[in-house]
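Peer 1: Here's the letter readout for the chains.
Protein chains: 6
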Amino acid sequence: MKIKIINPNTTETMTKNIELAGQKFARSDSEVYAVSPSMGPESIESFYDDYLCIPGVLEEVIKGDKEEDVDAFVIACFGDPGLWAAREVTSKPVVGIAEAAIATAKLLSPNFSIVTPLHRSRKITEEVLHMHGAERFCRSIRTTDLTVLDFDKDLKKGLDVLALTSKAAVEQDRAECILLGCAGFVTFVEQLQMDLGVPVLDGVSPAVKLAEALVDMGCKTSKSLTYSFPEKKSIKGFSQILQP
Amino acid sequence: MKIKIINPNTTETMTKNIELAGQKFARSDSEVYAVSPSMGPESIESFYDDYLCIPGVLEEVIKGDKEEDVDAFVIACFGDPGLWAAREVTSKPVVGIAEAAIATAKLLSPNFSIVTPLHRSRKITEEVLHMHGAERFCRSIRTTDLTVLDFDKDLKKGLDVLALTSKAAVEQDRAECILLGCAGFVTFVEQLQMDLGVPVLDGVSPAVKLAEALVDMGCKTSKSLTYSFPEKKSIKGFSQILQP
Amino acid sequence: MKIKIINPNTTETMTKNIELAGQKFARSDSEVYAVSPSMGPESIESFYDDYLCIPGVLEEVIKGDKEEDVDAFVIACFGDPGLWAAREVTSKPVVGIAEAAIATAKLLSPNFSIVTPLHRSRKITEEVLHMHGAERFCRSIRTTDLTVLDFDKDLKKGLDVLALTSKAAVEQDRAECILLGCAGFVTFVEQLQMDLGVPVLDGVSPAVKLAEALVDMGCKTSKSLTYSFPEKKSIKGFSQILQP
Amino acid sequence: MKIKIINPNTTETMTKNIELAGQKFARSDSEVYAVSPSMGPESIESFYDDYLCIPGVLEEVIKGDKEEDVDAFVIACFGDPGLWAAREVTSKPVVGIAEAAIATAKLLSPNFSIVTPLHRSRKITEEVLHMHGAERFCRSIRTTDLTVLDFDKDLKKGLDVLALTSKAAVEQDRAECILLGCAGFVTFVEQLQMDLGVPVLDGVSPAVKLAEALVDMGCKTSKSLTYSFPEKKSIKGFSQILQP
Amino acid sequence: MKIKIINPNTTETMTKNIELAGQKFARSDSEVYAVSPSMGPESIESFYDDYLCIPGVLEEVIKGDKEEDVDAFVIACFGDPGLWAAREVTSKPVVGIAEAAIATAKLLSPNFSIVTPLHRSRKITEEVLHMHGAERFCRSIRTTDLTVLDFDKDLKKGLDVLALTSKAAVEQDRAECILLGCAGFVTFVEQLQMDLGVPVLDGVSPAVKLAEALVDMGCKTSKSLTYSFPEKKSIKGFSQILQP
Amino acid sequence: MKIKIINPNTTETMTKNIELAGQKFARSDSEVYAVSPSMGPESIESFYDDYLCIPGVLEEVIKGDKEEDVDAFVIACFGDPGLWAAREVTSKPVVGIAEAAIATAKLLSPNFSIVTPLHRSRKITEEVLHMHGAERFCRSIRTTDLTVLDFDKDLKKGLDVLALTSKAAVEQDRAECILLGCAGFVTFVEQLQMDLGVPVLDGVSPAVKLAEALVDMGCKTSKSLTYSFPEKKSIKGFSQILQP
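Chains as they are written, first to last, in the working numbering: chain G, 1 to 244; chain S, 1 to 244; chain R, 1 to 244; chain H, 1 to 244; chain B, 1 to 244; chain W, 1 to 244.
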């Protein structure tokens, strides 16, 4: 089976790490690969970034569906940007990493906290909780002073900050599981889990495993109403591939 | 004062009607004008359409802020597409028409129903209710078999369908106010209000009036955290104007 | 246009300040004036006070409607006392200042905190959030050791306490906007806004501006069900004006 | 023990029926009596009526506390008008009949429907559900074409309408218990219960029994914050007894 | 009248204390007695304990109904274990002590905090709040380092810990009433109430009083749907008394 | 990997069908087997049945953990009975079939309806929605006149009733996915999916796939607080295996 991970930002080092995380627990007969879109921001921290990455994400979904014989898609940014639209343009399963992390955490723990880069992104994270109906299971959202790219540049400092922030969530907010609220954090999972003594989840590995499960069961996205294919219409200023 | 209305779709007849609705109750010293973005879909009915209109909307906001000396913005599509991102790229007030219609309805009535074109758009409308915290005030969302462009093409048929659908909301769902869930419906407001005997609101006129009020009070969007300007970063594949 | 502000308490200095706040951003062709009812408490801090001010408020609404040719009403106490009943006795728009402050804050900020006088009034403020469906947008309600009249008597001390309390809301609760939860606080708005760096809103100015907007659009309260005029019946012990 | 029931409206035939319902299951050593206030409307159907009955209710509570050696109070209108203020002016227990009916229903059934006179009162009933946190337990609110006084005047017709409305709640809304949403309905309880085969509750009897229980346990209203006695202040236009 | 209290755990000293608490405010003509089931854990702290006590509780309800001529039942563990099933196997009223404590607190105070033994039991307590729809009224759940049996063994230490924990709820969480979240705490009620200055409620006394009230009114559990008697079927591995 | 499915009821034909459903999409290297407990009811329709099956379920979990070298558990009854307790007695993943069906449905569809046997079980189903935070995603719960065992006995009639009931959910409630609310329905999945044109999910297959995914990732249940192992204590009347 073929699973295409789309890193919605255009930072290739991050795409590479995400691919490794996606392959880490994949089955031997799953082909898992990650791409960045041709357009979009180099990191996603504001609503602005979030919306500007979506056309590129959708382009990659459509290409994967029509040209690459993909069986399922993973959108690898913790805001799950464009998830609902992606489900419109293909009938193959599409899984968001926030969605996957939350679904997995609920199977292992009565609650969780989310640790995510910038303070400004709190509302984006709150909206992701709403998307998946997980408000009641979230003990806290904890944010840091570092940007997404700061974490990518100084791994040692990033790990220290994440460890401290996660520890506060466990001890002060009584979180029994930690979700890493950024696809770029996949490199920190194992070390954090050892330090904290509670499950620590990035969303990329769980998303790939959920995608595998859906493909195994032959599941398709429901096309009866909300997620039916977009109506045929002209869409100005975008590539041919984005014309429905 | 200068108020720029952005019709997120690219259908110019609709933009013209929206402009008239925006000017209808505007103060004599307000300059109100409407534009369509250079890119995006000709109507907005799916999440796909919704996301693909946003880059164009944001471009118009940035241009309005930097080049046109605009005092406030109105986004004239009932899904309020890109509203939160628009508040990031300018400190001038930005008002969505769903937001304005809901805020106005709550001042006049204990509840309302929303009448909106296609059945598939129900979830988009539910998300708009969530954005503005209005779930509890909404008696029902009622949808029709007609597309946005169908209403634009056959006004008589459109009015009949809207009247019937609205009447059902009033009589069966006990709605005490009707919100027209599509910017294209501005031409039907007066006739419907006469027929139904309850307030009927499009969002365009209220949005312009709220924008005027905010400008009069010297209000600016809060830039302390969530809506602060996007971080400087490279955004591939978009025009210069969209580089933060 | 004629807008009548009703200060539900009987402290005339407060009524005067409220009138000034109401006139501050009003259009030049709006006549804005404030009154106190002939009956009721000198300040409103308990549910007891809240209920005992309502008959006087309703009397002023009815008089304004029948005798003073008023176009819209503002109820200027942050508990919005009697708002729903006021909408029953007139078809002219009635706006509460908590309602107006909340509606305005939501246009400018993803959230807000409310700063209000006495600790005991927290539940009254919680109920106001419920009335307007704004629970999810409120980061915190912060209260002080001072009564409403204390603030009126010692402005310097009042400002200091408000500044400190608001600062705590911004820094500890991450509020991105401050609502002043007492009509008597209108005199502190500008100073606080300068100190805090986030929007600070009293409700009086926004309520007047919303009232102007509703009148401009020709909006009337929905009279179809909940807010229809009270049934004709005898009401003992109240003035002739309160007989429906 | 002495329990004072206050019928917030001024219709004496209703007060008499309420007194009988209150005495029906009272213990032999409980003195239960009902009064109407000296001021207020003859029936309570709108928010207007609701607020105008409260000063009279509070007067009766204060008189009961200071002059009549009352042990507990019951407010006998299904909107529980003035309940929170009543708890401020005395430390003796005060029980609302909606509150009592809801609390009792929850002990007997997983859910209930409320049957109440006029269509316009739906929102008042919704607010009572909110007051007591019972939204989730309520299957439906069903209303009729008759006013409160209509039920008082034509008992036969009233019973027929109530029976039909309640039956619809049981059969169509799957209500497993019926609450009678008007103190005037106490005369219909037994007949309805026989017809419907599910528990039928008026609030008056349960309120008296809850009041007895609270007095037996020596319970007092919490005076630490919200329900502490109103601050001393001048209240214009009301009797001496209403000055705190 | 005969009221049977079932202490779901098998610790007899606790059963004795619970019986005393149940008799404390009971009417002179009420026969109140407490039993422990023949099977189940010696204390209830985990979901595991909670579920394993239920068969024994149900056995005692059925025996009470069929053999002991009981008029009403009280389940005396703050998780209200098996409450809904108990209502299926008898038509006599069944009252849980968490349910009774919560219902009583709401009559006396706008909110409460719950103080309960072990940190691990927080989710059990959250579920009890959900069962009774009381989430919004609960200021906080505060837990301790002591087990249920620790409190039983060292009363002095238990009281100190409870006093400290309750004080934190009152002062830091602004709780206006304290609920003791363990049937074993009945011995501490009076001392705590004196220390704290807000109402302190165990659930046992209130449950007996509610049971008395329901019996006085002739109330039966609704048998129309959810709580109808279990279908006849074979249940392996349980005593004859548990066969429906 | 070894996955043990526990059918909480004692009807062996059902256990056999559940085993087949569990194996249907399992990976070739997964050993999937199903058992019934030694004690408990032959079907689960009431809260009574639900609680009485739990000790047997927990026994099978403990045996699987200690004696059978199981890697993950599935509890195969749509009420997810004993799920939280099962997570206390083992650190291996435990998945409920309602939980799995809901998690899978959310990946494929914006909403779903649940079709479940008896009318009386509605509240059990509502509680399962609460357990997993899925209230908002559920369009409706639809119930039938048939018992669990009726479906097992007359497959043809069962399928007809299910098809009719599901069709109503799709057409009248706008469900875009159907969840089969009974483990016994696994035999109907394929036929229903063909008839309805929307995804139809039993929970058994998805639960096995989720269990596989969790085991692949090396996930363990969080043991830090809520799901830590039960305290050591005596539990009367149960087998040695149930002593913590």
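A portion of the hints provided could be inaccurate.
For chains that are exact copies, the list does not tell them apart, and a pair is met inside one copy or across any two.
Unchecked claim - Result set (DMTMM-like, lysine to aspartate or glutamate): computed pairs, CA atoms no more than 25 Å apart in a straight line: (1) Lys236 with Glu12; (2) Lys232 with Glu127; (3) Lys167 with Glu126; (4) Lys236 with Asp65; (5) Lys167 with Asp29; (6) Lys157 with Asp69; (7) Lys232 with Asp154; (8) Lys157 with Asp29; (9) Lys232 with Asp152; (10) Lys223 with Glu171; (11) Lys232 with Asp150; (12) Lys156 with Glu67; (13) Lys123 with Glu190; (14) Lys236 with Asp150.
The hints are simulated quantities; they were obtained by calculation from the structure and are not laboratory data. No experiment lies behind these values; they were computed from the predicted model shown.
Peer 1: Of the hints given before, which are not true for this structure?
Peer 2: 5, 6, 8, 12 and 13
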